[in-house]
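K.L.:
Sequence:
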Amino acid sequence: MVSITPLIVAVLACNLSSAFAAPSALAQANGRQSALPFTSDARPASNFYSGPWSSFPAMNTWVGFDSMFNSNKPSMLAAGSTQQDVDRIYTAITGVASSSGIDPRVLLGIMMEESHGGVGVVTTWNADGQATGGLMQASGCHGFDGQNNLAQADITYMVDCGTQHYKRNLVDWGGQNAPQSIYPALREYNSGSVIPSDLSLAPNGAGNFAYVSQVAQRFVGWVN
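Quick note, the sequence shown lines up with residues -21 to -1, 1 to 203 if you use mature numbering (1 follows the signal peptide of the UniProt record, and there is no 0).
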């Protein structure tokens, strides 16, 4: 784990915002070409993790799901979801986590990194030209671009569709709810391939090199 000063973080955010799929989608929805700014109560990510899975935060350092969810509610509302949508996101994540066997904090971390919890996030496209829609911006999943106050079934669909995609990635790395599977699977979810010795390398430039690090920081309490 290498500490990064806020100045370096700011420079990285400026130079690399176009690589972040979810902020780009949100920016398009608001008629902007750059990533959305941090919400007023946000703080920049203070650490950058790299290396193999063992260099990333252990699960016993993660915040609890309810605490993590409550901390991210303002970001979901700022992204265009209504309070009803937020309540239904909670129901969707807890239900899908239970049925899939995936830790709900992982699903929440992916969702916040991909869409900030905006149920009407616009559809983006991956490096292969495939549409990646919905709260978890997963290929093969459709979204509800520009909408809110969605039915529970629609929100649950988006969470479940992305979860099924992630679950396949998790199986590729042993299928365990443990760091040795979770972190490489996050890299695969974002980039399609993995360099196990450094999960902060995006193979062939596909995806956001900082993706796994940023999701990991969400697990330990970072909010934006």
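Quick caveat, the hints were computed from the structure, so don't treat them as lab data. Hints are supplied without guarantee of correctness; some may be wrong.
[Said to hold, decoys possible] Pairwise CB distance ranges (calculated):
no. : residue 1 : residue 2 : range
1   : D177      : A130      : 12 to 22 Å
2   : T102      : N39       : 31 to 41 Å
3   : S176      : Q155      : 11 to 21 Å
4   : S25       : D124      : 14 to 24 Å
The structure presented is a predicted model; accordingly, all values stated were derived computationally and were not measured. Quick reminder that beta carbons are idealized off the backbone N, C-alpha and C, glycines included.
K.L.:
Now tell me, hint by hint, if it's right for this structure.
P.N.:
How the hints compare with the structure:
1. As the Cβ distance of D177 to A130 is approximately 42 Å, the hint placing it in 12 to 22 Å is violated.
2. Remark: the range hint 31 to 41 Å for T102 to N39 is upheld by a beta-carbon distance near 37 Å.
3. Between S176 and Q155 the CB atoms are about 19 Å apart, so this pair conforms to the stated range of 11 to 21 Å.
4. Distance hint check: the CB atoms of S25 and D124 are about 33 Å apart, inconsistent with the given range 14 to 24 Å.
Taken one by one, the earlier hints fail for this structure at numbers 1 and 4, listed in ascending order.
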